[in-house]
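Student: Residues per chain, in single letters:
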Amino acid sequence: MSLLSLADITVRFEPKGKPAVLALDNVSLTVAHNTFSVIVGPSGCGKSTLLRLVAGLETPTSGQMDLDGKPISGPSADRGMVFQSYTLFPWLTVRENVMFGPKLKNLPKSECEDIADTLIGSVHLKGFENSYPKELSGGMRQRVALARALANDPRILLMDEPFGALDSQTRQLMQELLLEIWQKHRKTVLFITHDIDEAVFLGDEVHVMSARPGRFKKTLSIDIERPRGIDVLTSPQFMEYKREILSLMHDEAMRAQMA
Amino acid sequence: MNTTSLFSPKTEIPRSYYIGLSISSVLAVLCLWCLLTYGGYMPPDFLATPVEVFSAGVEHVSDLSLFKHMGSSLTVILSGFLLASVLAVPLGILMGSFKAVQAFMEPITGFMRYIPVSALIPLLILWVGIGLEQKVMVIFLGTFFQQLILISDVSARVSKDLIDCAYTLGANRKQVVWRILLPACMPGVMDNLRVTMGWAWTYLVVAELVAANSGLGYMILNAMRGLFTDVILLGVFTIGILGLLTDFLFKWLRQRLLPWSADF
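These protein sequences, in sequence, are chains A and B. For the first sequence, counting from 1, position 202 maps to 202 in full-length UniProt numbering; every step adds exactly one. For the second sequence, counting from 1, position 195 maps to 195 in full-length UniProt numbering; every step adds exactly one.
Don't take each hint at face value.
Said to hold, decoys possible - As a list, the in silico BS3-like pairs of lysine-lysine whose alpha-carbon atoms are at most 30 Å apart:
#, chain 1, residue 1, chain 2, residue 2
1, A, 184, A, 70
2, B, 99, A, 16
3, A, 70, A, 242
4, A, 109, B, 174
5, A, 134, B, 251
6, A, 105, A, 134
7, A, 134, B, 160
8, A, 187, A, 217
9, A, 187, B, 160
10, A, 184, A, 18
11, B, 99, B, 10
12, A, 134, A, 187
13, A, 105, B, 160
14, A, 109, A, 217
15, A, 126, A, 184
16, A, 187, A, 105
17, A, 70, B, 174
18, A, 18, B, 160
19, B, 160, A, 109
20, A, 218, A, 187
21, A, 18, B, 99
22, B, 174, A, 134
23, B, 160, B, 174
24, A, 126, A, 105
25, B, 160, A, 16
26, A, 105, B, 174
27, A, 70, B, 160
28, B, 10, A, 134
By construction, these hints were calculated from the structure, which means they are not laboratory data.
All chains, full assembly: derive it from the sequences and hints.
Tutor: Written as structure tokens, this is what we have:
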């Protein structure tokens, strides 16, 4: 059974005094347990909207969303999210940020600290426990954000272009780190990006989205062996996937530009 | 072209230059003052000499009258400012983040912010008399509505992502308000309290215009009757220095209380 299922999701925005926008048109998606699913699509295709729906931060105009067979209504700690923008709470130290979720659950303080310190170790930030976010680089902040989302031990981890604001070297390192952590914790991940390399490098499954209104054009299973290192990026197999997604996306990008 | 010279925009200059230039501006004003008074360009009734102001200072310090005036002015300013802040901070935070509160408060604050406080003095005298309450009310009305608008703006600018993020970590609405919205507003609140404290000082003379018998504003107004320009200047300098000190106090408090915040 799949962990997450979206059926016939439609989202229509009706801004005052402007024509209505059909952001998502009858979209269906299933995400199986412990898989790394990536949604890739041109900007403005509604992929972030889709993720926000799953997070419970927005509600669909119509359609059904279930997690573990139970309907999704509103945000909850069982769906952790990492945002593209830096969302660490600046008034909390690294450790306090990671402890934020466990503390809301009223876990004993020592347990919260243990969870935080283990995860801070996993994202290689030992020694920064008492630093404030302003003292960290962009990549470090997103690592803390990842640790913070994992601290709640969510059923699914939602990632909305989390490395989009980072430079390409940092981004590559972050992708490797994410895979390392995913390998260890075996979380179900739903990851949004517009970067094809990132999608193929990370995903078990890549869902390619069309330009607005957002629909799924095709789903590819990425059969590249894990663990994946940077040598994967130049392998013929990788190139083949990339070529296919690129041509799918190119049509869409053209369409989006013309529209 | 050299883009790191003294005359390029947004370029750091050596600290010694900075301090030197700061001191030279003070010295320039002092020199101009000396020139105008000792050079005989301004009659003594119009502008007292630096030495006269200094001796007026010594006199008012030694008979403790300067401290008495400072005391009553500080009482007025701090009471009015604290009263305004205690109400404006929570209301402003709510106004900036809850549309319902904004809809309710906006017409009144929008209207009141353009009313000069001095225009309300006759009504204040009728309603609360001419005692301390009247002066405190002047400071209160002068700062409250400005604070409300500035702080509501701070609250409105708190990143929505920060709040959404807290929801996905399991926070409920109440926790979002107390644990996210409130701390996220604090640096902006402190900055605006600092700015409005400066404004509160500027209302002091207006507050002490009516029926005061002590206070720095009263001291200045009283000295005007006898053309004691030395005392007038002493009062002006005292207000300036006290204003500067409260400004430093706010800066220091922000660094102590909000060490995590990025910009000072």
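Student: If a hint holds in the structure, say so; if it does not, say that too.
Tutor: Quick rundown of the hints versus the structure:
A threshold of 30 Å between alpha carbons decides the hint, and for residue 184(A) with residue 70(A) the separation of about 27 Å falls inside it, so the pair holds. In summary, the hint linking residue 99(B) to residue 16(A) is supported, as the alpha carbons are separated by about 16 Å, within the 30 Å threshold. Proposed proximity of residue 70(A) and residue 242(A) is contradicted: the alpha carbons are some 35 Å apart, above 30 Å. Distance check on the hinted pair: residue 109(A) and residue 174(B) sit about 21 Å apart at the alpha-carbon level, within 30 Å; holds.
The straight-line distance between the Cα atoms of residue 134(A) and residue 251(B) is roughly 19 Å, inside the 30 Å bound, and the hint therefore holds. Note on residue 105(A) and residue 134(A): the hinted pairing holds, with a Cα-Cα distance of about 27 Å set against a maximum of 30 Å. For the hint linking residue 134(A) to residue 160(B), the alpha-carbon distance of about 19 Å falls within 30 Å, and the restraint holds. At most 30 Å may separate the alpha-carbon atoms for a hinted pair to count; residue 187(A) and residue 217(A) meet this at roughly 26 Å.
Distance check on the hinted pair: residue 187(A) and residue 160(B) sit about 27 Å apart at the alpha-carbon level, within 30 Å; holds. Between residue 184(A) and residue 18(A) the CA atoms are separated by roughly 48 Å; this puts the pair beyond 30 Å, and the hint is violated. Restraint check for residue 99(B) and residue 10(B): the C-alpha separation of about 39 Å exceeds 30 Å, so the hint is violated. Pair hint residue 134(A) plus residue 187(A) holds up; C-alpha atoms about 29 Å apart against a cutoff of 30 Å.
Restraint check: the Cα-Cα separation between residue 105(A) and residue 160(B) comes to about 23 Å, which is no more than 30 Å; the hinted pair holds. Between the alpha carbons of residue 109(A) and residue 217(A) the distance comes to roughly 47 Å, so the proposed pair goes past 30 Å and is violated. With a C-alpha separation of about 18 Å, the suggested pair residue 126(A) and residue 184(A) falls inside the 30 Å cut-off, and the hint holds. Taking the CA atoms of residue 187(A) and residue 105(A), the gap is near 20 Å; set against the 30 Å cutoff, the hint holds.
Proposed proximity of residue 70(A) and residue 174(B) is supported: the alpha carbons are some 25 Å apart, at most 30 Å. Simply put, residue 18(A) and residue 160(B) have alpha-carbon atoms about 23 Å apart, close enough for the 30 Å limit, and the pair holds. For the suggested pair residue 160(B) and residue 109(A), the alpha carbons sit about 28 Å apart, so the restraint of at most 30 Å is met. At roughly 24 Å between alpha-carbon atoms, residue 218(A) and residue 187(A) fall within 30 Å of each other, so this suggested pair holds.
Distance restraint check for residue 18(A) and residue 99(B): the Cα-Cα separation of roughly 21 Å lies within the 30 Å cut-off, and the hinted pair is therefore satisfied. For the suggested pair residue 174(B) and residue 134(A), the alpha carbons sit about 26 Å apart, so the restraint of at most 30 Å is met. Note on residue 160(B) and residue 174(B): the hinted pairing holds, with a Cα-Cα distance of about 16 Å set against a maximum of 30 Å. Proposed proximity of residue 126(A) and residue 105(A) is supported: the alpha carbons are some 24 Å apart, at most 30 Å.
For the given pair, residue 160(B) sits about 20 Å from residue 16(A) by alpha-carbon distance, which is consistent with the 30 Å threshold. For the suggested pair residue 105(A) and residue 174(B), the alpha carbons sit about 15 Å apart, so the restraint of at most 30 Å is met. With a CA separation close to 27 Å, the supplied pair residue 70(A) and residue 160(B) stays within the 30 Å bound. Restraint check for residue 10(B) and residue 134(A): the C-alpha separation of about 23 Å stays at or below 30 Å, so the hint holds.
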